[in-house]
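Participant: Given the structure of chain A, go ahead and fit chain B onto it with the hints provided.
If you're matching them up, the sequences are chains A and B in order.
The opening position of the first sequence corresponds to residue 1 in the numbering used here, with each subsequent residue numbered one higher.
The opening position of the second sequence corresponds to residue 1001 in the numbering used here, with each subsequent residue numbered one higher.
Calculated directly from the structure, the hints in this document are not laboratory data.
Possibly wrong hints are sitting among the right ones.
[Stated by the list, open to error] Chain A stretches covered by chain B per the calculated footprint, using a threshold of three residues with CB under 8 Å from any CB of chain B:
#1 361-375
#2 389-403
[As the list claims (entries may be wrong)] Here are the simulated DSS-like pairs of lysine-lysine, each with C-alpha atoms no more than 27 Å apart in a straight line:
#3 Lys-1031/B - Lys-1118/B
#4 Lys-1167/B - Lys-1007/B
#5 Lys-1020/B - Lys-1215/B
#6 Lys-308/A - Lys-237/A
#7 Lys-1118/B - Lys-1134/B
#8 Lys-1031/B - Lys-385/A
#9 Lys-1153/B - Lys-385/A
#10 Lys-1226/B - Lys-1031/B
#11 Lys-1134/B - Lys-385/A
#12 Lys-112/A - Lys-237/A
#13 Lys-1134/B - Lys-1215/B
#14 Lys-1167/B - Lys-385/A
Everything numeric in this text was worked out from a predicted model, so none of it was measured.
Backbone N, C-alpha and C fix where the C-beta goes; we use that ideal spot for every residue, glycine too.
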Amino acid sequence: MTDTATHVSGEKARIGAPSIAGFTEEGENLSPMNAAASPIGGDAVKAHSHGGGAGVPDSSRAGRLTSYKLEDFAPLTGREEDFRFTPLKRMGGLHKNALTGAAPVLVMTGAKAVALETVAMSDARVGSAGVPEDRISANAWNSAAEAKIVTIPAESIGEQVTLTYTGDSTEAAAAHLVVIAEENSESVVVIDHVGTAVLAQNIEFDVREGAKLTVISLQAWEDTAIHAASHLAKVRKDGHFKHIAVTYGGDLVRLTPSAHFAGEGGEVELFGLYFADAGQHLEHRLFVDHATPHCTSNVLYKGALQGKDAHTVWVGDVLIRKEAPGTNSYEANRNLVLTEGARADSVPNLEIETGLIDGAGHASTTGRFDDEHLFYLMSRGIDEKTARRLVVRGFLNEIVQQIRVPEIEERLNETIERELAATGN
Amino acid sequence: MSTLEIKDLHVSIETEQGNKEILKGVSLTIKTGETHAIMGPNGSGKSTLASTIAGHPRYTVTSGTITLDGEDVLEMSVDERARAGLFLAMQYPVEVPGVSMTNFLRTAKTAIDGEAPKLRTWTKDVKTAMEALKIDAEFASRNVNEGFSGGEKKRVEILQLELFKPKFAILDETDSGLDVDALKVVSEGVNRAQEQNEMGTLLITHYTRILRYIKPDFVHVFVDGKIAEQGGAELADRLEEEGYDRFLNVPA
Chain A
1 MTDTATHVSG EKARIGAPSI AGFTEEGENL SPMNAAASPI GGDAVKAHSH GGGAGVPDSS
61 RAGRLTSYKL EDFAPLTGRE EDFRFTPLKR MGGLHKNALT GAAPVLVMTG AKAVALETVA
121 MSDARVGSAG VPEDRISANA WNSAAEAKIV TIPAESIGEQ VTLTYTGDST EAAAAHLVVI
181 AEENSESVVV IDHVGTAVLA QNIEFDVREG AKLTVISLQA WEDTAIHAAS HLAKVRKDGH
241 FKHIAVTYGG DLVRLTPSAH FAGEGGEVEL FGLYFADAGQ HLEHRLFVDH ATPHCTSNVL
301 YKGALQGKDA HTVWVGDVLI RKEAPGTNSY EANRNLVLTE GARADSVPNL EIETGLIDGA
361 GHASTTGRFD DEHLFYLMSR GIDEKTARRL VVRGFLNEIV QQIRVPEIEE RLNETIEREL
421 AATGN
Chain B
1001 MSTLEIKDLH VSIETEQGNK EILKGVSLTI KTGETHAIMG PNGSGKSTLA STIAGHPRYT
1061 VTSGTITLDG EDVLEMSVDE RARAGLFLAM QYPVEVPGVS MTNFLRTAKT AIDGEAPKLR
1121 TWTKDVKTAM EALKIDAEFA SRNVNEGFSG GEKKRVEILQ LELFKPKFAI LDETDSGLDV
1181 DALKVVSEGV NRAQEQNEMG TLLITHYTRI LRYIKPDFVH VFVDGKIAEQ GGAELADRLE
1241 EEGYDRFLNV PA
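One chain only, chain A, in its complex shape (with noise of 0.2 Å):
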């Protein structure tokens, strides 16, 4: 530290220098500590490291392990920073055991030219757009007996594939799916999980130059599923992907969405709508890694809790590496707590490693329904049971609007009713 204070009062002393601690030409100096060739941040920590800086574990999500290999990433204790809030005893094994279960059956409905196969995981194209960033990923990497890959064709505008996991076991499984966007192709894919599993998977989004790629990932299992997905994006060149995570069902469901800037111009959204219950845990951590220069992103999650022991955990890490100049970024995550005894828990994290951002922001709200919204809207003449859907409705409508797939949003309102009817709200 004595050396950066000796640099900067030197810097000072230069005629035409910034005078301000902490600015130098390139503007800010938001964390010396972060800078990309420092020896306890930024790709240094990444380089020679398993898991945290030098004595600083997780200091940075930049420094964060990824890995093919199982056996790179530790035994889960529940102590790691990306599981702290995870109850590992209801993960039915998926971060330790072999995932040998038959894989929930996939079908593809919908499709014009999109093509969907199964491939070996050898393939050249698995591991195009990501690289598992956590232990589960990687056992469900390493345990999958085959990949899907759908692609949407070059220059295709307009396609709209339903891709259906339908799921009847509860031995633990691992699946690996493969979304690739090609150049300059527009296309809505959405992922449906119905029924049960223990199920571990990977789904990787390759969004080429130029494509355009909206994904909506439906969580609607029965009651009993448990779900660990990753969704690894990897954005190219003027590519735009917009995500969004739908869960409600299961018991325990932990999705880490994970989009990855390769290029100048990208433009990534993450919106999320969450409804928990009694008993249920409904966990997302979110990674959004600004690498290039010029990209923008915007993310969005709103949750409704309700019921004893009702747990929703979120958690959002966007980083803004000294690469990527001009970047606009902006997070926020609200709870809406409908009853007592249910629980949200929400961490953004933003790391600015470089001062010539055009925005960057963060969010968080966890709030108790308003004894206020219910008296003013009950007096005008609405009963309590219909204020109560307006007011939890109205706060999740922002999500489903985003959705813009009519039937996708209509079997969403009927959930949501479904979910107000269940505890009587």
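Facilitator: This is chain B only, laid out in the frame that chain A set:
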């Protein structure tokens, strides 16, 4: 003709120091077609009376009665009171995120009338009422009170008053925070509602300036949770000149 009758009303609120009595025996009778102004210094219990009539859960009635044409209002839930014909224009209308004005107005109108309004006439009614109150048409698609200025919120309260056509309107400091132009627009809205629906009005205010636009038949001066003096419109003129000091300086 309908009658709203308040008899010897005592109201308390829970505070950290225990129960605190705010209203200490208020009696008041309002008939449809009449305008009653309730004036008084800050903290005298004016807004407590308004919220108690509407049924806000924060206020506990310890004794006394409120009846509407003989029906016990205190027995009714908040929404039942509204459907019975009571309307409170709030001092601080809350924002309801995600609920559009259009959806809210239609849902409330349906609840109050017991049937959905006819779509074509309803849309026209809303549009006409908004124009009269100089509310931008764009507000219909915005969420209830979200991002509205103080003055806009008050206009939207009066918009509801005109659309829902209650028997009795309680205006809780609707004039506060309004500039002269907005005050005039809002007052005209209240007068229209009164003419068209033969509405009874309980106008709660700290200042006399709104009484230039809405003429009261009766003026009641509230001091320390009780009515200290009553009279006609001339009492308001006297308050304009003398203020409330005369009431506050009297030893209890």
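Participant: Compare the structure with each hint and give your call.
Facilitator: Results of checking the hints against the structure:
1. 361-375: Coverage by chain B holds for the region 361-375 of chain A (5 residues, Cβ < 8 Å).
2. 389-403: With 8 residues close enough to chain B, the hint holds.
3. Lys-1031/B - Lys-1118/B: violated (30 Å)
4. Lys-1167/B - Lys-1007/B: Given pair Lys-1167/B, Lys-1007/B holds - Cα atoms ~19 Å apart, limit 27 Å.
5. Lys-1020/B - Lys-1215/B: Distance ~34 Å between Lys-1020/B and Lys-1215/B Cα, so the pair is violated.
6. Lys-308/A - Lys-237/A: violated (46 Å)
7. Lys-1118/B - Lys-1134/B: Between Lys-1118/B and Lys-1134/B the Cα gap is close to 24 Å, so the pair holds against 27 Å.
8. Lys-1031/B - Lys-385/A: violated (33 Å)
9. Lys-1153/B - Lys-385/A: holds (25 Å)
10. Lys-1226/B - Lys-1031/B: It holds: about 20 Å lies between the C-alpha atoms, which stays within 27 Å.
11. Lys-1134/B - Lys-385/A: violated (33 Å)
12. Lys-112/A - Lys-237/A: holds (26 Å)
13. Lys-1134/B - Lys-1215/B: Satisfied, since the Cα-Cα distance of roughly 22 Å is no more than 27 Å.
14. Lys-1167/B - Lys-385/A: Holds, because 25 Å separates the two Cα atoms, which is no more than 27 Å.
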